[in-house]
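Residue numbers (our numbering), protein chains in the order written: chain G, 877 to 1159; chain P, 2 to 156; chain X, 533 to 1302.
Don't take each hint at face value.
Claimed, not checked - Computed list of lysine-lysine pairs in DSSO-like fashion (alpha-carbon distance at most 30 Å, straight line):
hint	chain 1	residue 1	chain 2	residue 2
1	G	K918	X	K697
2	P	K154	G	K935
3	X	K687	X	K697
4	X	K1292	X	K1178
5	P	K149	G	K929
6	X	K687	X	K742
7	X	K582	G	K918
The hints are simulated quantities; they were obtained by calculation from the structure and are not laboratory data.
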Amino acid sequence: MNKFQYVKPATLNEAADILYQNGDEASILNGGTDLLVRMRDKMIKPKVVVDVKAIPELKELKYTEEEGLFIGAVVTMNEIVCSDIILEKYKILAEAAHEVGSYQLRNRATMTGNVCNASPSGDTIAPLYVLSANIKIFSKEGIKLVPIDDFILGVRKIALKPGEIVVGIQIPPIKGKNGGSYYKHSRRKDVDLATVGVAAFCNEGRWKIAYAAVAPTILRGYKAEEILNKLDVIDDTTLIPAMDAAVEEISPISDVRASKEYRFDMIRISLKRAVLAALEQYA
Amino acid sequence: MKHSISFTINGEKVHLEVEPHKTLLNMIREDLNLTGAKEGCGAGECGSCTVIVDGKAVNSCMMLAVEADGKEIITVEGLAKNGVLDALQESFINNAALQCGYCTPGMLMSAKALLMRNPKPSEEEIKEAIAGNLCRCTGYKVIVDAIKEAAEKNN
Amino acid sequence: MYKYVGKDVKRVDGLDKVTGYTKYVDDIKMPGMLYAKIKKSPYAHAKIRKIDTSKAEALEGVKAVITGADVPNRVGLYLEDKTFLATDKVRFIGEPVAAVAAVTPEIAEQAVELIEVEYEELPSVFTAMDAIKPDAPLVHENLGEYYHGPIFFPKPGTNISNHYKIRKGDVEKGFAEADYIMENEFYVPHIQHAPIENHSVIALTEPSGKVTVWSACQSPYAVRKALSVAFNLPLHKVRVISPAVGGGFGGKAGTTLEGITIPLSQKCVGKPVKLTFTREEDMICSFVRQGCLARIKTGVKKDGRIVAEENTFYWEGGAYTEYGVNISRAGGYASTGPYDIPNVKADSYCVYTNQPVGGPYRGFGMSEIHFAIEQNLDMVATQMGMDPVEFRKINAIKEGGHTVTGQQLYNVGITKCIEAVEKDIEWGKKSEPSGPNKVRGKGIACMYKAPSMPNNVASSAVIKINEDGTANLLVTAMDIGQGSNTVLAQIAAEELTIPVEKISVVTGDTDITPYEWQTVASRITYCAGNAVKKAAQDAKEQMLKLASIALGLPAEYLEFKDEHVVSKIYPDRKISIASLALGLEMPDGSGVHGPIIGRGSFIPPNVRNTDKETGQGDKPVAFWTFGAQAVEIEIDTETGQIEVIKVAAAYDVGKAINPQLCKAQIEGGIVQGIGSALLEQQIMDKGRVLNPNFVDYKIPAVSDAPEMIVRIVEVPEETGPYGARGVGEPAMVPTAPAIANAVYDALGIRINSLPLSAEKVLKAIKDSQK
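Model the full structure from these sequences, guided by the hints.
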């Protein structure tokens, strides 16, 4: 790890100043589970590391009927997994958060960190796509909300300018019957990255689908959604056209985890399993 | 620039000056000479560096030492109290739940954190708690048995 | 019958390990310590034209820089083909070419980046089949000049560093008589040892030139020997200490980083130099299990008897095969598996490739060959319509039967092992899958293994009796987790009638603890166990003489009981071991004999060379361990994922000195076997390792452990201590072929290569539907 200056701002304003002054040379330290590995591997060599864990606004986890759910940037995965309100109203998020790393890693890792890493296989990102999450960003100009699919630009690329800091994730309230599930296909049962992941969410009969680890960013499965929305009965057989559509919507690569061909096969199965599991939650 | 930090480790108060780029694991091992926690991968994949920070198991290789300021840390060296072994330590010996011993401190700390938050864990909860602790020797079954035994003893 | 042997004595190292007290090499800190880092080759095969270390040397904090010129002597356990740093050329990506010692690891790392190496790339070979082609680039042009042990047969001018042959009976005639012939090819890829402790060494050179290394090594004496050759040092000037080993599995046998740290320390006399590998370095620069391509041809009579077998093994040995040659030898002399086959032809070739270095790995070739043998056996059984269990029972070596080298065997427990797993897995009974798109299958595989070691390798032990009746047991058998300290203490306790807790075991210091060849080959309980037993007996003989004087009774009327020498006839006439420890005090106040020190030495009796041309020999190994495993698996036919539900294992260990630790070895072996079966493969692209970390090299985690039913069979080995045989390695050998056979049972599909990854299984399912 290279040498760097460590700062721990107490307020958003202070953090924004430091980030603005240091630009690309500053890295935000949140849970650190990705940052420290990347610094160890010398993939990044920040001059300033900005620990945001002392900023009060970032620690919030709250739900209101009007605004929905807010998950502060430093709320950990395990806090999300164990949150009653999330388990009750956004179970898919708890499910996905539980898929991230090991128990001890989830004590440090955060959902905002997962989003800001913008890895194609980030487990919590696909569920945030189907929940139409917004990323709440603070800068000296004020607060803005950016839809997650506008926020994530590419592999490890996000729409965050110098001086901006993610306060948390805002998820709209869900009205009416709904159910969602995240299905992850990986090589090992415990602690593995997704080879393929699918988030499926149904609200009042309208489906939202997102695919993970099959393109440079998470992808929405618009075609599959369209097909699903028209189905009266959803089962193994009627799902086939949607599974076929998923194959057309993705652009996976071959890597050490799987070949492109296998990912095409697994997107079908993952879609099917995610949708069927979402239906089981549907209420 | 070094940072002045204060924290509690195994019940003792400590003040230290640390470089920002030092990991918690390196601080524990090098500055405090507590070498029970190990570095097996340096990337949060093996769990051999697991310690308990404010009641929660964490990978100490993935936390900066400066982040320990104000925290309460327990390492494997703090498990036994006044020469009396923790129930987990006893049960690991009884069940032959260790072989080379390298993963053992991390495994014990994951298990300890589990029993601290959940004194009566199910088998699934035990597995969830140690899923991030790799052991190449035992085949895990005896480790799960040992944690069950310690939990029963505690209750 | 026994008081300590055969009992579940708790690990003697348990307390130190659960308290985090045990000090592994990387835990050791010394005053003035320097830290080393290595410069690695980016090429699979290249000439080194020039190395410029001047910038690195100029960096503040750098204390020493070395290159191949500092370590010119070739070393190797069986074939002296390696130098500790590359000299003339590099032969694999990751090969160390230079090293730095500096005041901090960070400075050492910076300095390594400042070393400039000019290479001239050479053509490379990456598979055994390419490497044996007549026009293949040579990995070692000077193979003919390398010193090697007499039991190895390199072919100079080729990439073949050993060719072991078996010619038994008349294989042509055998196949002519066979009613069924089955021939197939199998491949096992390179895998990692992946102990949780990475390699770590500290070296210190004293002003006298004496070198001490603290090394996480399995074999201090073998390391000492290699270092003495490498650095032209007499043996008494090299001290190897192995404080504790955080898992070995073969990866810490032989020499590792010692040869890099010593020349650095010689340039900074008086300062200890530590080199600890990162996980990535451990996975690229140190031993791996080599790949193996196997061709198996089996000929069987209608009644189920195998009458002929022709097997060829090509081992992808990597850039250096100093150790690998012996794996190919083991593959040869065990080439048929645990079956009695009259006509055999086998050829086992160790082949150089431009890949990471193949070395010893739990099983020492047996996992690789049994993956092939045990599947081919099932395939021919299927063809004949014969039950795989029945087929194995017919052909398994029986009392008085013969191995592939013509060795006649007695006290063979293989049939008992087969019967045990047959029962425990409920062979023949189909169980219901857990859901739709799931299928279940059962499979069985057998194995045998002998310690693969030179015939006359030695063990020794020293027991010092203390004046309070306790004892110190000194051995260089290393407890690498298998529990040898406990087992050896139990043996000493049994002989001496001293409780285990009164025996302190001291290991791993070549200046203090007596000679042990290596802690490998599942040989320690057997070899070191025999040495300890003899040392205890030696101590007892000395004490018996003294007790005889003290008690006024002839020695033959005395026996050892509960820490005393006691009269067999008058139990109240006795003298404590404590009072004999320093010699006997006579009535006039004088003393005789002095301290009791027991000395035990052991070499496996009568192990002899095999014939070079035929591989035949009546006692080529010390003993054979037999075992069987049966598994039940469930396959998700939509994803190809295999879940191992249950494994039944049975091993004939002769005598379990500590049944709990014996079972622990077997359970650990099963799960390591599952890793190699389902998950593990060193993925390489033109010699570059693509997954040198636990992110993408997955070893089993807790959810991968199945239900395990372990049976211990005890048919005593007459030369073993209390009848014991080794079991550490055999534990993982049959797991992968048993799973592969279960895949066939579930799907009717054969997969001939490892790992049985979900992707590979799904592809096989899809191919079968075409």
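Against the structure, the hints:
1. K918/G / K697/X: Cα-Cα ~50 Å, so violated.
2. K154/P / K935/G: Answer violated: K154/P to K935/G is near 37 Å, above 30 Å.
3. K687/X / K697/X: holds (13 Å)
4. K1292/X / K1178/X: holds (22 Å)
5. K149/P / K929/G: violated (35 Å)
6. K687/X / K742/X: violated (38 Å)
7. K582/X / K918/G: Satisfied, since the Cα-Cα distance of roughly 27 Å is no more than 30 Å.
Checked against the numbered hints listed earlier, the structure breaks hints 1, 2, 5, 6; every other hint is satisfied.
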